[in-house]
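Asker: Sequence:
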Amino acid sequence: MLWTVLLALLVLLLLQTQLSVCLRDLRSGGSVSPLHSPPPSSSSPSSASSSSSSYNATQQRLPGAIIIGVRKGGTRALLEMLNLHPDVEVAKAEVHYFNVEEHFRRGLAWYRAQMPFTLPGQLTVEKTPGYFAAPQVPVRVWDMNPAVRLLLIVRDPAERLVSDYTQVLHNRLTQHKPYQPLEELLLHRGHINHGYKALQRSLYHLHLARWLEVFPLEQIHVVDGDALIRDPFPELRKAERFLDLPPRINPSNFYFNTTKGFYCLLSAGHDKCLDESKGRPHAPLRTQALKKLCRYFRKPNKRFFEMVGRSFSWC
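In mature numbering (1 follows the signal peptide of the UniProt record, and there is no 0), the protein residues as written are -22 to -1, 1 to 293.
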């Protein structure tokens, strides 16, 4: 009888011990270690938003391509046309970071802050035509990004000079300030005035030589500004290839505006034309002075053609 009672007590003790172990396991299994917490449920609005914003996060990036010039060569038209591409975002205003000391002293953080917000994989493009002729700029651009792609849009240097003068003249007249006639600035005692700044900006070979001291020619794509005005699409397709962009810009993105006399842009059912300063009538220049200017540009143009390995139909 005694042995039966002892055996029963032993069985009860064993059952109690086993029950305690099971309860402890259940309690520890009910809590999850923070190191192994499961991913948030996809049905949770906050977690879905966080995941989406992480994947689609936009940020301001330094440019992967810069339109470096030339002034009055069609840089604004080129920028707006490139912006038709879904993989391109552009800085809307000219930044003048590399050629204005006050801006350059602010550093790359300031420069980056002037750029648009982009998604990963999109190309940021900036344009400041003053970069091309500024001696200090090529090295500064290289220091920013040795792999940056450069676009140089050029046009007939004589036409560019007259357009340059016309813009300055318009600005002076708007401010009610006097300005010399073009021929007085261009000619001195019947000869070309080498010190005229608008003339110096049209000496493309001198400025390109400084860029080629720093960058290989393969990193500089020359856009024909005169061809861009006549028929934009072929020049845009070449630019897409240079920038390693998939072909997304089409002839249907352009239409000729007979009132303005140049092509306007079409995208997603909306049209956009360049502002009224584009296509402004040039200031007058006598035929004799224009011929003298064209003769002056023959040798500089030939040197530029040799440097880029192609020629243009200039005067």
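Any given hint could turn out to be false.
Unchecked claim - Simulated crosslink set (SDA-like; lysine to any residue; CA at most 20 Å straight-line):
(1) K216 <-> T102
(2) K155 <-> E137
(3) K270 <-> L165
(4) K270 <-> V286
(5) K280 <-> K216
(6) K216 <-> K270
(7) K238 <-> D253
(8) K270 <-> L181
(9) K155 <-> A261
(10) K280 <-> D202
(11) K175 <-> L195
(12) K250 <-> Q92
(13) K175 <-> D253
(14) K277 <-> A261
(15) K70 <-> D249
(16) K270 <-> E137
(17) K216 <-> D202
(18) K280 <-> H183
(19) K270 <-> Q178
(20) K277 <-> N171
Think of the hints as simulated: they come from the structure by calculation, not from any bench.
Asker: Which of the listed hints are broken here?
Answerer: 2, 4, 5, 6, 11, 12, 13, 14
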